[in-house]
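Asks: Please model the complete structure; the sequences and the hints are all you need to start from.
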Amino acid sequence: MKLSAILPVARVLRRELAVTALLLLGVSVVVFTVLQLAPGDPLNVLLEGQSPRSQQAVREALGVSHTWYGRYGAWLAKVVQGDFGSSIRTGLPVLPELARVGVNTLYLTLGSLLLTLLIAVPIAVHAAVNGDTPGNTVATVAAYIVSAVPVFWFGYIVVYVFIHYFEMFPLLSGAAAKQEHAWLYFLVPIFVLGTASGTLSELIRHLRDELSRVLAEDYIRTARAKGAPVWRHAFKEGFLIPVTELMSAKIPFLLGGAVIVEQVFNWPGMGRMAWQAAQDRDFPVIMGIALVAAAFVRSGNLLQRVVFTMVNPRASKG
Amino acid sequence: MRRFVQTQGPIGEFSALPLLQRAETRDLLYVGYGLLIVALVIASYLMGAFGWLPHDPRQMDVGLINAPALTAGHLLGTDFLGRDLQSRLILGIQAYFLPGLLAIAISVAGGCVLGVLAGYRGGWLAAVVTYIDNLLDSFPRLVLILLVIAAFKADIYAIMIVVGITGMPETANLVSGKIAFLKQKNFIEAAHALGLPAHTVILKHILWLNCRTLLVIQATLGMAEAIIVETSLSYLGFGVQEPTPSWGNMVQAGANYFLQGNFWPSTAPALAILATILGFQLLGDGLNNMLEGKRRRG
Numbered sequence: 001m002k003l004s005a006i007l008p009v010a011r012v013l014r015r016e017l018a019v020t021a022l023l024l025l026g027v028s029v030v031v032f033t034v035l036q037l038a039p040g041d042p043l044n045v046l047l048e049g050q051s052p053r054s055q056q057a058v059r060e061a062l063g064v065s066h067t068w069y070g071r072y073g074a075w076l077a078k079v080v081q082g083d084f085g086s087s088i089r090t091g092l093p094v095l096p097e098l099a100r101v102g103v104n105t106l107y108l109t110l111g112s113l114l115l116t117l118l119i120a121v122p123i124a125v126h127a128a129v130n131g132d133t134p135g136n137t138v139a140t141v142a143a144y145i146v147s148a149v150p151v152f153w154f155g156y157i158v159v160y161v162f163i164h165y166f167e168m169f170p171l172l173s174g175a176a177a178k179q180e181h182a183w184l185y186f187l188v189p190i191f192v193l194g195t196a197s198g199t200l201s202e203l204i205r206h207l208r209d210e211l212s213r214v215l216a217e218d219y220i221r222t223a224r225a226k227g228a229p230v231w232r233h234a235f236k237e238g239f240l241i242p243v244t245e246l247m248s249a250k251i252p253f254l255l256g257g258a259v260i261v262e263q264v265f266n267w268p269g270m271g272r273m274a275w276q277a278a279q280d281r282d283f284p285v286i287m288g289i290a291l292v293a294a295a296f297v298r299s300g301n302l303l304q305r306v307v308f309t310m311v312n313p314r315a316s317k318g
Numbered sequence: 001m002r003r004f005v006q007t008q009g010p011i012g013e014f015s016a017l018p019l020l021q022r023a024e025t026r027d028l029l030y031v032g033y034g035l036l037i038v039a040l041v042i043a044s045y046l047m048g049a050f051g052w053l054p055h056d057p058r059q060m061d062v063g064l065i066n067a068p069a070l071t072a073g074h075l076l077g078t079d080f081l082g083r084d085l086q087s088r089l090i091l092g093i094q095a096y097f098l099p100g101l102l103a104i105a106i107s108v109a110g111g112c113v114l115g116v117l118a119g120y121r122g123g124w125l126a127a128v129v130t131y132i133d134n135l136l137d138s139f140p141r142l143v144l145i146l147l148v149i150a151a152f153k154a155d156i157y158a159i160m161i162v163v164g165i166t167g168m169p170e171t172a173n174l175v176s177g178k179i180a181f182l183k184q185k186n187f188i189e190a191a192h193a194l195g196l197p198a199h200t201v202i203l204k205h206i207l208w209l210n211c212r213t214l215l216v217i218q219a220t221l222g223m224a225e226a227i228i229v230e231t232s233l234s235y236l237g238f239g240v241q242e243p244t245p246s247w248g249n250m251v252q253a254g255a256n257y258f259l260q261g262n263f264w265p266s267t268a269p270a271l272a273i274l275a276t277i278l279g280f281q282l283l284g285d286g287l288n289n290m291l292e293g294k295r296r297r298g
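Residue numbers (this note's numbering), protein chains in the order written: chain A, 1 to 318; chain B, 1 to 298.
FYI, nobody ran anything at the bench for these hints, they're computed from the structure.
The list that follows gives simulated cross-link-like pairs (lysine-lysine, DSSO-like), each with its CA atoms no further than 30 Å apart: (1) A:LYS226 - A:LYS236; (2) B:LYS185 - B:LYS204; (3) A:LYS236 - B:LYS178; (4) B:LYS183 - B:LYS204; (5) B:LYS204 - B:LYS178; (6) A:LYS78 - B:LYS153.
Replies: Given below as structure tokens:
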């Protein structure tokens, strides 16, 4: 790779890393604020019925700061070191638990993104190249309908079909992993999240609009006129940028959808953990999940910016 | 005097044709279906609010469990406890209608304030608004809502405040984009040159005369979002609890009978969710294509 190609990327990476750090700091402030405003400080529960003076003494002995910024500083220092505290329900430290189940959520979300791409790209490209045909109108309306289907209900339909037509029981997660065809069990939730989360229809619409806009540009007409391969010229602006743009914008939606899909399929991931934590009011866990999810979203965004700059080095200036 | 309406594209080309002749048939169909759904939802909300229901939604009938649709006396059949599904579906609208309106009000009002700050004032304020926008986009919304539920034992109205706040950036972006367009056309400069005070320019000329269609569209799409959130949460067991019906908890409760082959008790509310969300989304997008010119969503 030439130096002239690396320089703009490095410049953007530096800027975007700073922005990402600033945003993650903001994320931590939001999470901490919610935590502070929550009624029912654990110490209050612990010290219930004690005199204010002895309460104060215990707080001081435990080193709890008086000021909110003191508490925030202490909390942030721990979080940065990877100490998210321990789950109130299980007593296990949060971060290793999150790492354990986070991998499952990663499979689910990345798998469904891949599936969405496999379905959406051919449809969108076909629509962009051929223009407004009756088939495209049908596809557009179908995409609207699919994006409005409630994910949880669709999950039951798929489970039912699997049980009745393939005689498989993807509901029993632990046992199913040991069965033959166990890999199929992993595909079902991915299929549900990939098709019914609304990402599919938005990707089709976005890619179709962008690609047909680019295909109508003058430089594509020139390429076509001189017999150059149109696809190679349209690829960067008409395909790579819209796809990466939408994929990074949809990561938060997929993580949100994962909460529901994991619930339907008993998938042992971060979404189910978040659900459980909200049920039990397990602060450290839900806080850790919010932080990790935000970090995940921001890294996706960072990646998108890097791709964008590699395709369009001018973006590094300004 | 002829009226000019902006269509197509960011710079705006003007057409003097009447709206109905200019619009594409497809968009008219979208809007027609959407308006039908909105009318149904409002009518059903009022029926539920005043208690004009075909049956008592809590009345169980053990002799008539899981009746299919079009059973005598029960237009949409009954659920697994013999309760009338039609009445429960109508009453389920109570769970999201007013909370949804709250979410819309917050996202539209907050979005206007942020959008005007970013677009009209500009400078460092625009940077701050962009920062807030990115910050709110960093959280998966459902995770943020679960965090708030864990912290405050939040009810549906508190949750809808969160939904409204997370919906603000999108409206803000559209408003500030509109202001940038008006600035490019020198409309704002002209208004100032006529000696109009800033608040008149912002409230009347920018927000009322130029942003109201956009805000109506945002409100319509916002209602679809609110319904998705409410049904998802009540499916997950937060929010409205049995025996009070909500479409989400009806799907969840009916799902226990799904695998035995009784589809209807959970499919009926699921279809209601589908048709309603579709209605609001098509209404929003159709109006948008007709009045604002196509814009990118994503």
